[in-house]
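Chains Z and R, in that order, are what the protein sequence lines are.
If you count the first sequence from 1, you need to add 26 to reach this note's numbering.
If you count the second sequence from 1, you need to add 119 to reach this note's numbering.
Just so you know, these hints were derived from the structure itself, not from any lab.
As the structure is a computational prediction, the values presented were derived from the model and not from experiment.
A couple of the hints might just be wrong.
[To be verified] Here are the simulated DSS-like cross-link-like pairs (lysine-lysine), alpha carbons at most 27 Å apart as the crow flies:
{"hint": "1", "chain 1": "R", "residue 1": "K481", "chain 2": "Z", "residue 2": "K381"}
{"hint": "2", "chain 1": "R", "residue 1": "K328", "chain 2": "Z", "residue 2": "K112"}
{"hint": "3", "chain 1": "Z", "residue 1": "K156", "chain 2": "R", "residue 2": "K365"}
{"hint": "4", "chain 1": "R", "residue 1": "K398", "chain 2": "R", "residue 2": "K481"}
[Unchecked claim] These stretches of chain Z come out as covered by chain R in the derived footprint (C-beta under 8 Å, 3 or more residues):
{"hint": "5", "stretch": "110-117"}
{"hint": "6", "stretch": "184-195"}
{"hint": "7", "stretch": "232-240"}
{"hint": "8", "stretch": "369-376"}
Glycine included, C-beta positions come from ideal geometry on N, C-alpha and C.
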Amino acid sequence: MNFSELFRLSGLLSRFSPDGKYLASCVQYRLVVRDVNTLQILQLYTCLDQIQHIEWSADSLFILCAMFRRGLVQVWSLEQPEWHCKIDEGSAGLVASCWSPDGRHILNTTEFHLRITVWSLCTKSVSYIKYPKACQQGVAFTRDGRYVALAERRDCRDCVSIFVCSDWQLLRHFDTDTQDLAGIEWAPNGCVLAVWDTCLEYKILLYSLDGRLLSSYTAYEWSLGIKSVAWSPSSQFLAIGSYDGKVRILNHVTWTVITEFEHPATVNNPKIIVYKEAEKSQKLGPGRLPRPLAPAETKYEIASGPVPLQTLKPVADRANPKIGVGLLAFSPDNYFLATRNDNVPNAVWVWDVQKLRLFVVLEQLSPVRAFQWDPQQPRLAICTGGGKVYLWSPVGCVSVQVPAEGDFQVLSLCWHLSGDSIILLSKDHFCLCYLETEEGNSPASGQRLQLRA
Amino acid sequence: MGDWMTVTDPGLSAESKNISQYTSETKMSPSSLYSQQVLCSSIPLSKNVHSFFSAFCTEENIEQSISYLDQELTTFGFPSLYEESKGKEARRELNIVAVLNCMNELLVLQRKNLLAQENVETQNLKLGSDMDHLQNCYAKLKEQLETSRREMIGLQERDRQLQCKNRNLLQLLKNEKDEVQKLQNIIASRATQYNHDMKRKEREYNKLKERLHQLVMNKKDKKIAMDVLNYVGRADGKRGSWRTGKTEARNEDEMYKVLLNDYEYRQKQILLENAELKKVLQQMKKEMISLLSPKKQKPREKADDGTGTVISDVEDDAGELSRESMWDLSCETVREQLTNSIRKQWRILKNHVEKLDNQVSKVHLEGFNDEDVISRQDHEQETEKLELEIQQCKEMIKTQQQLLQQLATACDDDTTSLLRDCYLLEEKERLKEEWSLFKEQKKNFERERRSFTEAAIRLGLERKAFEEERASWLKQQFLNMTAFDHQNSENMKLFSAFSGNSDQDNLTIHSRPRPKKPHSASNWSPVCTSKLTKSLPASPSTSDFCQTRSCVSEHSSSSVLNINPEETKPNQVGRECINQTWSVASRPTSQEGCYSGCSLTYTNSHVEKDDLP
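Chain R with its partners taken away, still in its complex shape (with noise of 0.2 Å):
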């Protein structure tokens, strides 16, 4: 008993594991087992399945096809189409729930099978057309990959062809080296040959000449002759001399006779050119003491270089040279004392002329209204002075008035004091009238007075002004200096500022002394306009002439004036003559005075031209 509960046991046991396990099975991994069947069936053979299902059952097997599929679908994990059976001969009843169970499982399954299906074909058809479009691809790329090749051995072979050439035409050009080479050795040689046959054909050509020479001279041709009436006398009168050692010497001593005169009429010329560039010198050496010497106290009492002794050097020497004896001192001396101080000065002017570029630029920097100050006191100085000026005439007027009250009372006798009565009267006019002058003068001085000290006390305002904003300025200066140290974050903002700030205060430095500068272009133009209409008006009257000859003076004036006004003057002079020769031909006695005149100019002008080249 217990051996067969045990045998039992395990079976059953087993059993239900089994169906536990296929239940499990199922429960746990239908897909798997959907694609399973995926994988097996396929539509035909549902189709065989279904009209299998026709035949499957009939009358007769309902029995066994009920017991297959029983057994198939136990198989299968799904519960026993029969009831439990009680008995063992028992027949087994067919359970319809069970089998309705299995229907309903088995369509579910089936609908789930065919949505999976739908889903794995579309998901083919996808992957179908993606391997499409890769395969396209990769036949593209496949192509392209082709190309480049191809490409790559074409431009292989270019290079390779190219080198082919350089390397061909680096021969070439070697071998035209060569043949340059070989072309020069026989032109060199050519030469040479050419050379030494000219110097043959020379000797033969002498030799032949020589040959010729003595058959033609030796042979006493009577035809080589002079015939002459009479022999004449030389041209200076004297006779011939007979040729001697003498006569000789003699022609070596005229010969340097003649180079010395040149060199001597040379050595003249040099003279006076030096001569010349010494007076020059010498003038400007002058002109720059002169130059120089007021200024010298200033830079004596800043003495901040070593101008003052070079000074007095130059003072030293200036003395010295003064002295006319150095004109005809040798010219090393000369020369080198000269040279030596105009170097000197020529130092100290340079030096000078920086200074003052470095005041300049000082002024510039510090300020403007430095220059302001000076004109200011030089209106003060000029007021003062016109004060006292009317502080004379005033004392003038009263002088003349006291004499005049004098001679009024001094004054007796009638028929005198009538004589003088008259020339009081007269005198008295003429007073008066130097009286209101002298009024009207005191009144000009007294507007004068006002409008300078208005001046004065507008400049002195703007000063203030200026004062004011330079305080104010430095004052932000500072302020952003602060600024700048105490707060790192705002220092690029402020120093920009700063910056700016700067730049406009330049500007306006600078814009002030140019206004100057128009003021004397507009002075420069009246003049230049005024030479040349000075020198146009000529032109129209020389120019009838011009016309009636076909000359181009006209142009040439006109050309003339364009080029340089300075020099119209004399060429128009030149020019009246020129036109005046070409119209000597239709009136040929009435100018020829006026000619003659214009041509005396001419030459005289010339004249004075010639020494100088």
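One chain only, chain Z, in its complex shape (with noise of 0.2 Å):
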């Protein structure tokens, strides 16, 4: 494994392009974006301000830069670096920007989510859709690009319109039986739209594209409800994490649970893998010398019996307690599941989508912070805010120390979609950790520090 040098960053911002060839990066104002293979800085545009929020188009031509508190967006072409486009939303303000999976639209929320403006790059045309909700999840395309849902309340009534994103024209409306909507998911086929209320009410009503409502299920009630939901890749199972501490897997064919996954605060089953991440105690070899200031390495070692992990007392008089399944993702070949509960913040629950069960829990010395797949295969990706990342991959698993100078904390983390790179997000800088090193791009590799072992 080897790490590329330190770049600069400022507010997370680093995302690779969808094809896969650049990586654009902000340090305040400057939007910097480098050739993924060498490293070599491509193009640097300058914006307005302090950059917010950036996103790629999905034909990896254009990005745009949001600057919220100006109420700007700025977009840039990778093709010609001297075109420009600046939308102004004025004193209306600006709390969102979105690009349209065409890549010639942009979607911009006003404050207040007075409404939200689709201003095309083609055409002087402006659409406006009025009464957006303002909640976690309002808007979802689906994969293929092809409709939109958006979330909207009208009446003191939670209502999905459905738009055909080609000409922004509403194909379907309907009303949802929802108390207060938090969230709307296409899964991946795009036919069928989840929607979910708020947490105070544990409720999942599932749509069909031409809004025929096919089921609604609901797991308990008088208790906190749906905190996070994710479809599968294959669109098979929707797992709804929830503040009781469960995963319920619906099926495609019935809308009926199969399974709970349930989070205990010990894993009994001598079964499962429980993987510990332990400090190292360092040994000085013969051409060592210790170094006082680097931080401790760590191993996973093997757990056996029952492993009691390490849970929180939430603060049951404040809001948004920290329990219940917070993080949900599957695996891009549908056999893992990997969750975090809350109130269990250092242990990722991996679970057998197969066989549905349990697989292996790992557990970190600090709360993770986040985790992501490898988009190619069944391999984990998790960062807790330390110097450190871990990965998982079903024969095993490896905390790796990120070699940089100063204090590199990975505070979040991105795959490559070949599965080749990470992008490692600290607060002020970023790196890329390679997994795999090929013959045709050695030119990178004068600019890779090699991993000390």
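Join the two chains, each given in its own frame, into one complex according to the hints.
See the structure below:
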């Protein structure tokens, strides 16, 4: 495993382009685009203010940079560096900005969710969508980019509008049977829309593309409900993480629960491997000097017997208590499901979806910040806000110290779509972590630092 | 005279009677007298008497005292101290003997009295102590009574208090319930109020939003604008189209197309799955038929149930279903037929298995030698076969010898004979070798045969012994039974003996099949260990990499091995590849070729999995 040198960064804004060729990153008001292989700077754009949000267009030709404080969006073209586009929302303000899947329209949400403005880069036409709902996840595009579902609030009732992305025509509009809709999400096949209610009520509704209610599911009442939702890449399963610390998996045929995954504080089953991260006692080899400032290296140990996991006692009288399953992710091959229970923040549970049972538990030394699956194979990258990155695959797991001078805390990470590299993001810097080396990319190796063994 | 006489006589007689009465009284009831005396007299009185005695008689009043004593004694029933007077005028004489007698009697009486007094005193003491004891007891009991009474009162008090408390608690509970009800009502009203307020607020908010919208958007805000250098082409290269009814219809169409495609895809998947399942069912059915058909003669022979007819039905079905066209039939018909036939066959199979179970249990009950008999038959067949083979071999050898002789006699030419001789010699040698081989084989056969016959004899003997045992046992049983009939008194003993016996028999019967199990176990264990040993040696080489890197694959490998030894092989491949990924850093160039190969296999293994979920 190799690491690139560190590059400067602000606001955790660093993204691979969708085609995997470029890497965009922000430093204050500058946008830097690099070649992924050589890490040479290809373009450098200067925006009008500090960038708060960036997004690649789906065809990797444009990047939008949003400056919410100014109500501004600037768009840059990779092919024509001199081309520019500036959208000013003026006094209406701006809270969110995103690309439409065709890469030629930009959806800007104004302050107070007054409306969503759809700006076109092809024509002068501007469309408005009124009454968008201010919620967790109010806009959802289908995977094929053909339709967009939008959560709305009209006359104190939730409803969903489905638009055709090509001409922004309303296709369907229907009321949803929710108290206070919290989020919507398309199934990857683009035919089923999952709509879930606010955390005060456990309710998830499934709508067909043509607005028919396929099914509705409620696991329990009178308690905090859904916290996170994830579709499996095959659209076969819908995993629902809730505040009771369970993940319920619905199937796509009958939309009933197949199984419930509990997250107990102790792993009792001896069949389940529990990897515990432990600090390595520093060995003083003959050629090595002790480095007092270096962080202690860690390794995984296999815990046996009933393994108690470190649990957090949630504060009961505060809003958004740290309980329940807050992170959920299916592996790209549908085989595994990774979860994090927020009151056991140091552990990542990996479930075998095929056998519908727990497979592995990883317990870190510090709370898990984020995890993401390799887009190509069942390989999970985890970061805990420390100087290490952790990788798990069905054959084992490793903890790797990022060989950076000074304090490099991995706050977030993002896989390249080939699964060859990961961007590791800290507060002020980022670096790339290469999992494979290829003969063709030798020029870049000069820049890479070798990992100390 | 007569009158006098009559007067004196009764007087005399009365006196004498009186005397006799007194004497009789004294004699009859001295104890009463003593008791009276005891009751009356006391120790100080006796002293007085003593002192009185000293002053009682003086020189002067001897006569008076004597007469007094006489009077006293006569009143007490003693005989008079004086002699019987002969004449009235004559002075009465003191009778010394009477005095002495009286004194003696008085002394005896005195002693007796003293003794009695002592007895009475001791008794009195005893009674006094008894009295004390009883009084103590009484006091104690009284105390106890008092304490228990107090306790009772205390308990009653407590009971009362508890009841009071209970009443209070019940009251509290009631109050709490009321409170809860009230609170619930409050909550409900608050909730409705909150919802109402929320709606009002939201309406207001919406109004404000509307107003804001109007203000912000309708002001012709110059700022709200897009500043573009030049418009870019659409991603698909087409020009944007106007919105018309047509586009709307087209959109609808497309949506339904998408949905249709999805449903078609799902239907295809379901069809595929169905086909697979049908295939499995069909195969299962075929296997069932093949499994059941060789057995079907037996059930038919037995014909104790309706399986024969069912089987014939099944055969018909099988004939129908074996046609390929059945696959293309609509679901329902195929399904019905398939499920029906499978059900039938399943029933047959079940029956068969049950029958087999019954047979097995029967065999277990009947005895264990049946199997041995079968094996013996097998042995006989085997020996017969072997004998036949030996016979054939012998014949072959004979014919070959004959042929050789013919050849030897037929050849005359020297050169040819020589040539042939050399060939023949070679052949002869070969034949000799073969001959010896045959002999050896024959010997072996003989030995085997002998062993077989020996075994058969042994079996026969064993069987005989067993028969004898059985006969004896039966006899015993029979005897026991008869004993049971005759001797009612001994029946319990006999019965217990009988039951014990049968138990033993059962034990012997059941212990027979057991020795087979350890064999199977021993067959299993080497397989497992060999698997483990096969998979183990791979780990050290890979763990070398792990030691250089901070990975735990060594642990993981061991754990994986522990968990499921069957899965180790694919995992090893994968793990090696992973190890090499981590080891790339140390030797980036040298490992690459190897790694890519590994990763290929790795991905392949996952590609295979992909269809499953």
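Hints, one by one, checked against the model:
no.	hint	verdict
1	R/K481 <-> Z/K381	violated (43 Å)
2	R/K328 <-> Z/K112	holds (26 Å)
3	Z/K156 <-> R/K365	holds (24 Å)
4	R/K398 <-> R/K481	violated (38 Å)
5	110-117	holds (count 8)
6	184-195	holds (count 3)
7	232-240	holds (count 3)
8	369-376	violated (count 0)
Comparing the model with each numbered hint stated earlier shows that hints 1, 4, 8 do not hold.
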